[in-house]
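Peer 1: Here's the letter readout for the chains.
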Amino acid sequence: MSVAKQEMENLFEKQSFISKLSLFDYIWAALLLLTTAYVWQHYSSLMDIYEVMILGFTSVSLIAWGLLWKPVRVYTISVALLSLFAISLYGTELALAESNFFLKFLISSKSAIMWMSALYVLATVAYFMALFIGSEFTNKTASAMTWVATVMGLVGLLVRWRESYLIHVDIGHFPVSNLYEVFILFSIITAMLYLYYEGKSKTYSMGGFVLLVISSAVAFLLWYGFGSRGASEIQPLVPALQSYWMKIHVPANFVGYGAFALSAMVGVAYLIKDSMLKRGHNGIIIKRIPELDVMDDIMYKSIALGFAFFTLATILGAMWAAEAWGGYWSWDPKETWALIVWLNYAAWLHLRLTKGWRGRPLAWWSVIGLFVTLFAFIGVNMFLSGLHSYGEL
Amino acid sequence: MSHENTSENNFSKKNETKPSQATRQRSNRKEHGLGKVLLSFLGSMELAISLFVVVGIASIIGTILQQNQAYNSYVVKFGPFWFEVFRSLELFDIYSSWWFVILLGFLLVSTSVCIYHYAPLMIREWRQFRLTISAKSLKLMHSSGVWSSSSSVAQTAQFIQEKLRNGGYQLSTKTEQGVVTIATKKGSANRLGYIFTHGAIIVICLSALYDGNFNLKLREVAGQLKPETRDLFASQVPDISRLKADDNHAFRGSANVPEGSTTGLVFLQMRNGFLVQELPFTITLNDFRIEHYQSGMPKSFESDIVIQDKATGEKITKTIAVNHPLIYKDFSIYQASFDDGGSIMDLKVWPLGRNQQKITPFKQVVGDSRQIKIATGEVKLELAEFKISNVQPNPKAKETGRKFKNMGPTLTFRIRDSSGQAKEFINYISPVVQEGRYFFLSGVRNTANEPFRYLFIPVDDENSLKRFFNFRSLLNNRSEMQRIAEKTAALSLQSTTENGAKMVAQMSIVMQRLVDLFNRGGFDLVMNDINEKVPEDKRKEVMDSYFKVLQTILGTVYLEVLKAEGVDINNNISPAQEQYYDDLVNTMGILPNYKAPFFLQVTSFEHKEASGFQITKSPGKNLVYLGCLLLCIGIVLMFYVAHKRIWVIIEPFDGSESGAQLIVAGSGDRHQREFALEFQALSQLLDKQFSKLS
Ligand code: HEM
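Going down the list, the sequences are from chains A and B.
Each residue of the first sequence is one higher than the one before, starting from 74 at the first, in the working numbering.
Each residue of the second sequence is one higher than the one before, starting from 72 at the first, in the working numbering.
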């Protein structure tokens with residue numbers, strides 16, 4: 074709260090935005106611009122106009138994101154350094170994944186994902202432990218582990234991107250094309266969103282709850298990716314997926330899914346605290362969970378964010394469909410479920426905003442909303458057939 | 072009383088009063104009687120939420136029940152009764168059913184009425200400052216405070232105006248009887264967000280409806296159109312199922328065009344039938360290309376097409392591919408799929424039954440069927456599918472370093488008997504290697520859900536099926552078999568006595584009978600025969616001797632066949648020929664399970680591909696995109712532009728010249744929590760300058 078106050082005090086004093094920027098902010102922006110220029114200089118001949126636009130857009134939004142939420146800068150730089158290190162270790166020799174020490178144990182895609190998985194699970198345990206014993210140190214450790222896991226997850230994805238090209242240029246693709254890959258994406262986005270709220274509110278006690286959903290995703294990932302299905306193998310893309318649209322549609326969707334998952338898990342924390350309070354328990358552990366109002370607010374904020382991104386993603390999906398299948402809306406099961414998810418959260422938002430609903434009913438609703446979302450995200454691939462039937466179980 | 076501490080608790084309560092505020096404000100409009108009741112029903116949140124839920128549930132049904140399948144597959148699945156019920160509820164084509172469209176219509180109306188109610192309020196809040204606010208109501212706001220200033224009203228006002236401007240607020244000031252009222256707002260574009268999002272819904276729904284096939288449904292009801300449900304060629308479809316080029320403003324249809332062909336029509340699917348839509352241009356497919364990954368999965372496919380305008384004759388040549396459509400006037404032409412375009416098979420029929428006439432080789436196009444005479448009547452041969460390659464995981468991936476292997480082209484066909492029963496076959500056109508030897512491979516199954524069971528016919532020295540069928544026809548030839556059996560019996564017994572001659576005759580009969588059993592029913596029939604006739608304790612013994620006899624006679628037959636081929640059998644036959652014999656006998660032994668009247672060989676083929684196009688005309692598309700843009704902008708405005716308002720009333724202090732009292736209050740609408748912080752900051756600033764009264 075004190076930090077926020079500090080910022081607020083200046084709010085009514087005349088000053089320009091520029092003067093508020095620190096040296097690191099400038100370095101950050103310059104670094105990104107230089108990198109973008111370098112990439113553009115070297116690779117623009119390999120990109121189509123849309124990919125150049127995506128590059129520019131990504132660069133600008135990363136700069137903005139880093140200025141709005143400072144930890145992003147260290148995060149991005151760590152991810153970039155580790156990924157580049159892995160890529161340079163690889164050279165053009167994919168087989169090094171088995172022999173090079175760093176690749177084998179740390180930063181080949183597979184190892185990085187393993188690290189991510191392990192750290193998320195450990196962090197979940199640590200967060201709960203901290204909640205029960207009330208240790209600030211354990212909390213900080215859990216938070217650090219979550220950060221590192223999130224770094225490793227993104228490194229894993231980026232290195233996988235490179236690995237797919239090392240297998241064969243024809244097979245190379247942006248790694249968001251099957252359930253294994255998007256589950257990694259889901260985990261790191263959900264973790265990022267959580268870390269954002271954690272950093273802002275300086276309360277760690279929701280960590281265990283949120284990481285529970287990430288740990289479940291990790292469990293699925295391990296079963297699905299490394300179990301008998303072997304979905305962690307890099308597969309070539311079917312023609313319909315070979316499009317720049319995939320690079321924007323899928324990540325946008327997963328910001329939506331991640332935000333909805335976050336709101337649901339905060340909803341769980343809310344419901345637990347609320348029923349404990351109702352039954353007259355107000356022990357130290359319950360006290361450590363944030364105020365109901367705070368959680369209610371986080372639920373709203375993350376659903377709002379999710380709704381915005383989900384809307385965007387659905388629109389992008391429609392535009393892609395119009396280009397690949399010949400119609401912006403075909404009532405394909407995946408599209409239809411996107412609509413259902415969307416209507417669900419539209420109802421949620423309306424009840425809150427126009428009917429003034431708060432608290433328990435909406436918390437329940439967001440928990441149930443997670444199941445609707447999950448169905449749209451995995452159930453459709455598992456049980457229904459349609460145009461989106463890649464990445465089946 | 073300190074507002075700072077209470078902000079959290081007040082937060083939720085305060086918001087709960089919002090709906091009633093809204094209701095009060097929207098009922099400013101003058102509406103009367105029934106119209107009023109109807110409008111307030113249609114514009115009610117309850118209706119809107121109910122519609123969200125109902126549309127959601129209806130959509131779920133449509134995803135669980137596969138839409139637009141062939142009707143008879145539904146009958147099979149649900150039985151005739153439920154089929155009829157579901158059909159009359161239009162559950163097989165929910166998304167263009169009457170009731171679903173009406174539901175969407177309600178959503179549209181509800182949103183429109185909602186806009187009608189709220190838009191004036193939103194515009195007011197966006198544009199105007201509320202200057203008519205009383206000190207009393209300011210003090211009731213949960214972020215408020217009163218300060219006293221030692222400077223004059225005007226100076227105080229100037230100070231606070233500057234600070235508020237710094238804070239990003241727009242101001243409007245009114246001075247009345249020495250009292251200064253400052254109304255400010257920030258982020259009022261938030262209010263526009265409401266109009267954008269809800270307007271966007273209307274734009275999107277209306278344009279999508281315009282692009283849909285609702286007009287065709289209306290014309291169907293009016294009796295002007297009737298979807299064709301029979302399996303007809305486009306040229307045979309009657310006029311009532313046809314649409315002229317200028318007769319339909321929007322459609323989405325498909326066309327399969329074989330290489331080298333031209334079409335000027337597309338098929339529009341409607342439930343279990345279709346309509347033929349004429350195009351104002353023709354599409355010619357010059358070439359179709361497909362590339363595969365190593366795994367056999369398609370990597371890319373593309374078509375070289377020529378579009379020719381029917382009216383002007385103008386031509387456009389272009390290559391289209393997945394994700395790279397051709398936009399031509401109002402039309403978009405997409406690469407959607409690929410198919411066989413009528414490949415031509417050169418077929419040779421090798422009869423498997425007895426007493427069957429020879430059939431001269433013929434050509435048949437994939438997709439066609441023809442009657443074939445067999446010994447017991449006629450069957451229908453339907454060529455179902457031709458595949459130019461069949462890539463499968465390589466079982467020897469480790470040794471060879473190749474993950475996949477290509478098994479070559481296949482032909483899938485059905486043989487349908489006179490009662491309509493069909494068996495499905497898949498034949499690998501070129502011989503397939505198995506344990507170092509080559510075989511003609513043919514799979515058979517009774518229903519599409521079963522796996523194929525495979526028959527392996529060994530290839531002979533000429534890589535052909537000749538020897539195999541020569542062997543079979545020799546077995547079928549009674550007189551020859553008698554001759555061979557007698558010769559073999561005599562040779563194997565080598566006896567000259569009278570008794571011996573009898574034994575030879577007996578042996579020859581046993582041989583002929585065994586060969587006949589084997590020929591008709593394979594190993595199974597021979598075993599059955601033993602099981603029936605021989606007591607259990609002797610079976611093993613009898614079986615051994617039977618199979619020895621069978622081997623002897625079959626071996627002799629094989630040598631005869633080789634001899635007829637011109638092989639010098641007096642010298643040793645080659646190991647390959649020996650191996651062939653083992654494979655031959657094994658195949659013959661299970662051949663009866665193949666249960667086909669003939670073996671179909673594809674001697675050569677001409678591959679023709681067809682490209683599947685999706686052709687659409689959707690004049691509403693750009694409007695839909697416009698709506699989407701509005702929706703995005705609207706959502707960002709609503710969620711991320713915080714609408715905040717601060718009011719200040721400055722009054723001269725008890726009539727004194729130099730002092731003033733300020734009442735400062737504000738609200739942050741949706742962003743109460745942030746606003747409370749912002750107000751705290753303002754309060755601290757004011758505390759430094761003025762002295763706080765309450
Ligand atoms: C498919 C249809 C609709 C969609 C997608 C939709 C979407 C939205 C969204 C995203 C918000 C913003 C929520 C927020 O600021 O957090 C909103 C607010 C609102 N909607 Fe809807 N809406 C729809 C239909 C309706 C209908 C039919 C009504 C009228 C009954 C309605 C009344 C409202 C009202 C009164 C608000 C609050 C506006 C405010 O005070 O800022 N909406 N809607």
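Simulated from the structure, these hints should not be mistaken for lab results.
Positions of the beta carbon are idealized from the N, C-alpha and C atoms, including for glycine.
Just to be clear, a hint being listed does not mean it is correct.
Listed below are the simulated DSSO-like cross-link pairs for lysine-lysine, each with C-alpha atoms no more than 30 Å apart in a straight line [as the list claims (entries may be wrong)]:
#1 B:K476 - B:K451
#2 B:K207 - A:K93
#3 B:K207 - B:K288
#4 B:K467 - A:K177
#5 B:K666 - B:K444
#6 B:K148 - A:K407
#7 A:K407 - B:K288
#8 B:K429 - B:K604
#9 B:K458 - A:K177
#10 B:K429 - A:K273
#11 B:K458 - B:K469
#12 A:K428 - B:K207
#13 B:K458 - A:K93
#14 B:K494 - B:K207
#15 A:K183 - B:K297
#16 B:K494 - B:K558
#17 B:K609 - A:K183
#18 B:K210 - A:K428
Calculated from the model, a selection of chain B residues having no Cβ within reach of chain A, i.e. all distances over 10 Å [to be verified]:
#19 A119
#20 Q138
#21 A141
#22 G176
#23 K234
#24 L235
#25 D318
#26 R323
#27 S366
#28 N394
#29 P396
#30 K419
#31 I706
#32 E749
#33 L756
Peer 1: State for each hint whether it applies.
Peer 2: For each hint, the structure was consulted:
Our distance criterion of 30 Å between C-alpha atoms is broken by K476 (chain B) and K451 (chain B), whose separation comes to about 33 Å. Only pairs whose Cα atoms come within 30 Å are accepted, and K207 (chain B) paired with K93 (chain A) is rejected, the gap being roughly 38 Å. Proximity of K207 (chain B) to K288 (chain B) is assessed by CA-CA distance (about 61 Å); at most 30 Å being required, the pair is judged violated. Proposed proximity of K467 (chain B) and K177 (chain A) is supported: the alpha carbons are some 27 Å apart, at most 30 Å.
Of the pairs offered as hints, the one joining K666 (chain B) and K444 (chain B) holds, with about 16 Å between alpha carbons and a cut-off of 30 Å not exceeded. Taking the CA atoms of K148 (chain B) and K407 (chain A), the gap is near 23 Å; set against the 30 Å cutoff, the hint holds. Our distance criterion of 30 Å between C-alpha atoms is met by K407 (chain A) and K288 (chain B), whose separation comes to about 26 Å. A hinted pair counts as satisfied when its Cα atoms are at most 30 Å apart, and K429 (chain B) with K604 (chain B) does not qualify at roughly 37 Å.
Taking the CA atoms of K458 (chain B) and K177 (chain A), the gap is about 42 Å. The hint is violated against a cut of 30 Å. Restraint check: the Cα-Cα separation between K429 (chain B) and K273 (chain A) comes to about 87 Å, which exceeds 30 Å; the hinted pair is violated. Restraint check for K458 (chain B) and K469 (chain B): the C-alpha separation of about 27 Å stays at or below 30 Å, so the hint holds. Simply put, K428 (chain A) and K207 (chain B) have alpha-carbon atoms about 27 Å apart, close enough for the 30 Å limit, and the pair holds.
With a CA separation close to 67 Å, the supplied pair K458 (chain B) and K93 (chain A) exceeds the 30 Å bound. Among the hinted pairs, K494 (chain B) with K207 (chain B) is inconsistent with the structure: their alpha-carbon atoms are about 89 Å apart, more than 30 Å. A hinted pair counts as satisfied when its Cα atoms are at most 30 Å apart, and K183 (chain A) with K297 (chain B) does not qualify at roughly 58 Å. About 41 Å separates the Cα atoms of K494 (chain B) and K558 (chain B), which puts this hinted pair outside 30 Å; it is violated.
With a C-alpha separation of about 64 Å, the suggested pair K609 (chain B) and K183 (chain A) falls outside the 30 Å cut-off, and the hint is violated. For the hint pairing K210 (chain B) with K428 (chain A), the CA-to-CA distance comes to about 25 Å; that is within 30 Å, so the pair holds. The Cβ of A119 (chain B) sits about 7 Å from the closest Cβ of chain A, inside the 10 Å cut-off, so the non-interface label is violated. The beta carbon of Q138 (chain B) is not kept farther than 10 Å from every beta carbon of chain A, the shortest such distance being approximately 7 Å.
Distance to chain A confirms A141 (chain B) as a non-interface residue, since its nearest Cβ pair spans about 15 Å, more than 10 Å. Consistency note on G176 (chain B): stated as away from chain A, and its beta-carbon is indeed over 10 Å from all of that chain's, at 16 Å minimum. At roughly 4 Å from the closest C-beta of chain A, the C-beta of K234 (chain B) falls inside 10 Å, breaking its exclusion from the interface. Non-interface status of L235 (chain B) relative to chain A is broken: a Cβ of that chain comes within 10 Å, the nearest being about 7 Å off.
With a minimum CB-CB distance of about 20 Å to chain A, D318 (chain B) clears the 10 Å threshold, and the non-interface call stands. Residue-level check failed: R323 (chain B) sits 5 Å from the nearest beta carbon of chain A, not beyond 10 Å. The beta carbon of S366 (chain B) is not kept farther than 10 Å from every beta carbon of chain A, the shortest such distance being approximately 7 Å. Not every beta carbon of chain A lies more than 10 Å from that of N394 (chain B), the smallest distance being close to 4 Å; the non-interface claim is violated.
Interface exclusion of P396 (chain B) from chain A breaks down, the closest Cβ pair being 6 Å apart, not more than 10 Å. At the 10 Å boundary, the C-beta of K419 (chain B) stays outside the reach of chain A, the nearest C-beta of that chain being 37 Å off. Not every CB of chain A is more than 10 Å from the CB of I706 (chain B) (nearest about 5 Å), against its label as outside the interface. A beta-carbon of chain A comes within 10 Å of the beta-carbon of E749 (chain B); the shortest separation is about 6 Å.
Not every C-beta of chain A lies more than 10 Å from that of L756 (chain B), the closest at about 5 Å, which undercuts listing it as non-interface.
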